[in-house]
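Chemist: Okay, here's what each chain looks like letter by letter:
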Amino acid sequence: MNFDLSEEQLLLQETVGQFVANECPPTRLRELFDADDGFDSVLWKGMIELGLGGITLPDEFGGAGLEMLDLAVVSEVLGHACAPGPFVPHSLAGLAIALGGSDEQKQRWLPRLASGETLGTVAICESGDRWQLEEWALAADGTLTGEKLHVPFASNADLLVVGVAGGGLVLVERDSTGVSVEEIDGADRTRRLFRVTFDGASCEPLPEGVAAAPRLRDAGLVLLAADAFGAARRLVDMSVEYAQTREQFGVTIGHFQALKHQLANMAVEVEPCRGLYWYAAHAFDHVAEEAERSAALAKSHITDRAMQVARDAVEAHGGIGFTWECDVQIWFKRVMFDRAFLGAPAFHRERAAQLAGW
Amino acid sequence: MNFDLSEEQLLLQETVGQFVANECPPTRLRELFDADDGFDSVLWKGMIELGLGGITLPDEFGGAGLEMLDLAVVSEVLGHACAPGPFVPHSLAGLAIALGGSDEQKQRWLPRLASGETLGTVAICESGDRWQLEEWALAADGTLTGEKLHVPFASNADLLVVGVAGGGLVLVERDSTGVSVEEIDGADRTRRLFRVTFDGASCEPLPEGVAAAPRLRDAGLVLLAADAFGAARRLVDMSVEYAQTREQFGVTIGHFQALKHQLANMAVEVEPCRGLYWYAAHAFDHVAEEAERSAALAKSHITDRAMQVARDAVEAHGGIGFTWECDVQIWFKRVMFDRAFLGAPAFHRERAAQLAGW
Amino acid sequence: MDLSYGDEYEALRGELRQFLTRSWPLQGEEAKLGFPEQAALFRKRATEAGYLNRSIPKRYGGSEQPADVLTAQVIREEFGRAKAPGEARGIGTMMLVPTLLERGEEWQKEKWIPGSISGEITWCQGYSEPGSGSDLASLKTRGELVGDEWVINGQKIWTSGAQRADFMFCLTRTEPDAPKHAGISYLLIDMKQPGVDVRPLKQMTGGATFNEVFLNDVRAPADWIVGKRGEGWIVSRTTLKHERNSIGAATQTSVIFTALVRLAQRVEKNGAPAIRDPVVRQRLATLEGYVRAHQYSGYYQLTRDSKGESAGLIPLMNKLIGTTISQEAGKIGYDLVGEDALLAAGERTLGLMPKGNQGWVAQFMSSLGGSIAGGTANIQRNIIAERGLGLPRDAAADRSAGK
Amino acid sequence: MDLSYGDEYEALRGELRQFLTRSWPLQGEEAKLGFPEQAALFRKRATEAGYLNRSIPKRYGGSEQPADVLTAQVIREEFGRAKAPGEARGIGTMMLVPTLLERGEEWQKEKWIPGSISGEITWCQGYSEPGSGSDLASLKTRGELVGDEWVINGQKIWTSGAQRADFMFCLTRTEPDAPKHAGISYLLIDMKQPGVDVRPLKQMTGGATFNEVFLNDVRAPADWIVGKRGEGWIVSRTTLKHERNSIGAATQTSVIFTALVRLAQRVEKNGAPAIRDPVVRQRLATLEGYVRAHQYSGYYQLTRDSKGESAGLIPLMNKLIGTTISQEAGKIGYDLVGEDALLAAGERTLGLMPKGNQGWVAQFMSSLGGSIAGGTANIQRNIIAERGLGLPRDAAADRSAGK
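Protein chains in written order, with the working numbering: chain A, 212 to 569; chain B, 212 to 569; chain C, 49 to 451; chain D, 49 to 451.
Looking at chain A on its own, in the form it has when it is part of the complex (with noise of 0.2 Å):
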């Protein structure tokens, strides 16, 4: 029974969140968070340069050959620092193209990828909800023309993974004809969104992209649930930290037993969550038959306990939690996104139980 990170995967937390600590911190993160531009190439140079941009991509294509274990403490990591960039997408761009495609195709790409020298993105809602496979029906006969919804950093990446209609997958080449992109007004500005306009654009299908697609939905749930779970630690510890600081009534107000005991209930519904994630990460690479149920608990669970942490922050902030300036709402913002993305917590609560049978 082990049921605890290797020392090898806390080095790499560690390793990647000192790199975060120094590279960009509250005041960096705010700069990026409040520019027109959020992509920061020197900050994502530096996530590749540790290795990030191929984790779980074989040995053979410059990747690290790891686990989606260890793809996904490294979610938790940059959750907790809310740190911006275009690790998922990116990290689930490779992820398809090594379990769907072409021995070529992943010749040409995984490298690349692997190396930073590619940015990928993952290109997978539609208009109304629709982020499953089953749903997309944006129809790839050659060309691409149609529309995705919440890409993100799609006017950064270079490669785009298209969902299309019968769930398979396609690259798309950003640059190339008949690829529009237009930034969304979205709420978390760590991670940019764009819509995605096809105009007879033309894309290459993954071979094995319809058996992809799901795993490519079962590591994005996990991602998604590690970012939350990262995300929510620190909305916790931010609040314990105001409350331990900040004075009423000549006292800090952590003295006060009401919030004591909201502060408490934050820490409950967070903490135990570790392993529900790293469970569902541990099942898609080693425990196949509960991969798919583990990752949409995981992400309806975690998403959904981290959400409530982020408005219970704001209160235990006081007023103070409800601007701009404060750290909290980037924090917040970062948990809507991982709530929503890839479809809600109802959702995927429904699948888990059409999954278990019931």
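To be clear, the hints were calculated from the coordinates, so they are not data collected in a lab. Be aware that one or more of the hints could be misleading.
Unchecked claim - The calculated EDC-like cross-link candidates involving lysine to aspartate or glutamate, where the alpha carbons are at most 16 Å apart (straight line), are: (1) C:K250 / A:E536; (2) D:K317 / B:E561; (3) C:K355 / B:E218; (4) D:K228 / D:E177; (5) C:K106 / C:E158; (6) D:K276 / D:E192; (7) D:K250 / B:D538; (8) D:K250 / B:E536; (9) C:K188 / A:E458; (10) C:K240 / C:E168; (11) D:K317 / B:E218; (12) C:K317 / A:E346; (13) D:K355 / A:E218; (14) C:K317 / A:E561; (15) D:K188 / B:D245; (16) C:K250 / A:D352; (17) C:K250 / A:D245; (18) D:K250 / B:D245.
Since the model is a prediction, treat every value here as computed from it, not as a measurement.
Could you slot chains B, C and D onto chain A? The hints should help.
Modeler: Then chains B, C and D, alone, in the frame of chain A:
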């Protein structure tokens, strides 16, 4: 604009409240709760003498000719005192005959019900949580054969108003051949429940029973909501009183902010509910198009709030709250009855949604 | 129980309708004026007719009518129906005018009340400071009497409308050596002077309802003080028996609920209107229980007020109940907007209906403000527990004698 | 991450299965004995084999094995699978034996430990009193040394198993003039003597798990004291590093959840299994998130314990989480039983699965006990806030130095 009780209604509440406080103080209540036979004929006689047997029955038949709101405010007082007895089912039986009976039936039964000579009750639940007139399957073909569940005080009652297939109502005299009763192990021992088995029992239809049955249901929903509101108010008061007297760490526990806030939250859940049952009772007589939906909302909201407050009251009393000897459990079970009888909150919420055309 | 207002009030309603038909909107040349001018003209006439500013003596520009909450409610209803301008809103009429009426010098009343109720003079409130929220009496803004002027230095926060305001009523520490609550004076400050620096405070929704106001050597004449030196805390706590709109909050929650139902009818879930979804129906009906309970509590309070009787715990609870409903509506609405839950908050001015899906994102966030603004939810609970239920005061609250 | 136990432990599992196949159930003549005798016989053999009472020295009847949480877990699993008796349960082995091991005199250990772990001697705990719950140190039961005997008078409450118990370990105020926490001694009392009056305390479910114990001039030899006079508070707080079952609570919540799913599959709603109802499905899946999080937290704690490392906040939270899950399961179950929600609570012994619909009524009630028994939910939250999050102590808690 007069959204308040009249002087007469306040006086009625005070009179009844005083009467139950004198005749059924907690010591007596406890005796009755624990007794094998939970029907206190003296207490019931006293209520009858106060005129509670026929509040809404027409003057000409010995009733007080008052309205549903008058009946409901009494129900609140009885819930507040947790007064044992058949007030609700007896009132409903009278109402059913007044609304659905022939002149002859009214002349025969209403004066006796108003005077307490006859004790009435209602048999409206069938196995499978089937309380609704649309769900009744017991066929009345001149005689009755089958069973009804959860008939309050059936062993003491003289007259049963029974819901039958087709949504109509029939009268059955309890001592007629083919009627047998058996006590059910109910939680709320202030309102004893029985299984009534009919084996070719003779019955007499109410000619307007099909029209009366939905009114019977709405009246029942209002009276249970009122009872639960009274009980919930009492549970809040008991909890506050306990917090003001119980000492720990050298102070009354009411000094602890966490408990104070829990008590405040309980009060906030209960206090605004008053108007919900008032309005539903008012609508019963005066706003036909809102009567049904208001009753459904009042019952579902108030009994749900009251049940949670009852749970909170147990916790607010600490260990002692969990014991049989603490009065909280008696009110807790009163609320269980109010919440479950005639169908659970979620059921009536769905009805409210349908009635709104949602 | 009678949900109509009775003959007397229905007669008033008739009068009001006639008056309003005659008087609003303005006709002819007057209709060409700008809205503020039209509103001022109309308010003047409505006040002369005895319909507005009823608690204000005639000599200060009011109509000086006997207090009656039902009359006030009928007037509000009919003015609302006719979309006619009601009494000038804002912190000036809500707080400064009643305070002046009760505590002000005669010349102060004459100088400021008429313009405030006509809407020509606008005010902002200078109470909270960055370090003084729940514990307001710990405020640090200093006022020093130099010659015949107060010289004021400090920082105020959560100041709505500070850009537009002509004046600020400002709690200021003028007696630094006195005990906490006894060292504060209630000063009036001209906002249009050097040294007053208003900076909008952006909210998490992106909007900016509030401001920070920096006061650097700001001046006020020595007699621009309400009450005596050191009495500011008590002056600011003045509770006036004026006609209060006790069902306003409940009306607001009903409006939000109606908007939420429309949203559920508009958006789709699983290929059908979301309102057909069993989970959504349960959530809406559950919330409706709270909304109606709140609404009826408003009627009850109005009735009791009109009889001069107490509505018990209800007045202490209104804010907390309104906040709970508004937050739950925000959560349900947010869950209904599908992938638009990824979007930034849209227009959602406090007190108005959410507009479109991004309006519901804004409702999801801005409803949190209810737990914070004007006394946090925890302070509301303290008040309910202590004043309402009679539980003992907090040790910490004891330190703040004035609360 | 590896959810298996590794080769070493799988080898142990093999050994255990062989042992258990050989040893349980008993064969031949032994199989004719009563269950308690069979269990005692088996426990003795399992202890000799090194599988039970591993933290107890051999001279007191234990098997004196090196502490290892994973070994303990594998043993529990295999004994559970074989339905073989595990270590004697109860408050004696859980609390008294570890306390004696750390604080007792040699003769006390010899006298009481062997019988306690074999199950021949049973104990009850005399801590809480009617006036002393959260504030346990305010207890009033008096012990006076008269000659060579303690004479004890007072009343204890929430005493499980007092009818069956041979002895009570009892916190007693022996130094009335000493400060609150310093006036208490840890005495051992023979329950089978005049003056001990055990009265069952009926719970709201109708069952009686607890008792009140009245002590009237009850006697104990002068040396039936653990620790010195006045050290009772500290003795009772002795925390021993023995093998703790850190995943027991999570296993229990999983069991209840499984039972709840079965209930939802068994009962009907709108003419179909209730588990097909969208609202029920959402509630179950939401609860499952909590259940799994709790379960994985148990694995995590077990792993950390086995490495001698801390699992952070998790150990402080287990009880509160378990209670929340158990209460929510009770509410969902109660909503599923339809009209049986009117019925009295049925059989629902704490720690066992609810039986039938009335079992779920019992679960609905008895789950409330979790917020109360062994430290209220509010005290749990205090502990999490103070020890876990590092927030300041309550003024009130400060008065109770020992808590």
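Chemist: Does each hint hold? Answer for all of them.
Modeler: Evaluation of the provided hints:
Between the alpha carbons of C:K250 and A:E536 the distance comes to roughly 7 Å, so the proposed pair stays at or under 16 Å and holds. In summary, the hint linking D:K317 to B:E561 is supported, as the alpha carbons are separated by about 13 Å, within the 16 Å threshold. For the proposed pair C:K355 and B:E218, the alpha carbon gap of about 13 Å is at most 16 Å, so the pair holds. For the proposed pair D:K228 and D:E177, the alpha carbon gap of about 15 Å is at most 16 Å, so the pair holds.
Restraint check for C:K106 and C:E158: the C-alpha separation of about 11 Å stays at or below 16 Å, so the hint holds. A distance of roughly 14 Å separates the Cα atoms of D:K276 and D:E192; the hinted pair therefore holds under the 16 Å criterion. Simply put, D:K250 and B:D538 have alpha-carbon atoms about 13 Å apart, close enough for the 16 Å limit, and the pair holds. Taking the CA atoms of D:K250 and B:E536, the gap is about 7 Å. The hint holds against a cut of 16 Å.
This hinted pair checks out: C:K188 and A:E458 have alpha carbons roughly 14 Å apart, not beyond 16 Å. Using a Cα cut-off of 16 Å, the hinted pair C:K240 and C:E168 holds, with the two alpha carbons roughly 15 Å apart. A threshold of 16 Å between alpha carbons decides the hint, and for D:K317 with B:E218 the separation of about 45 Å lies outside it, so the pair is violated. For the given pair, C:K317 sits about 13 Å from A:E346 by alpha-carbon distance, which is consistent with the 16 Å threshold.
Of the pairs offered as hints, the one joining D:K355 and A:E218 holds, with about 13 Å between alpha carbons and a cut-off of 16 Å not exceeded. For the proposed pair C:K317 and A:E561, the alpha carbon gap of about 13 Å is at most 16 Å, so the pair holds. Restraint check: the Cα-Cα separation between D:K188 and B:D245 comes to about 32 Å, which exceeds 16 Å; the hinted pair is violated. Distance hint between C:K250 and A:D352 is unfulfilled; the C-alpha atoms sit about 48 Å from each other, more than 16 Å.
Taking the CA atoms of C:K250 and A:D245, the gap is near 12 Å; set against the 16 Å cutoff, the hint holds. Restraint check: the Cα-Cα separation between D:K250 and B:D245 comes to about 12 Å, which is no more than 16 Å; the hinted pair holds.
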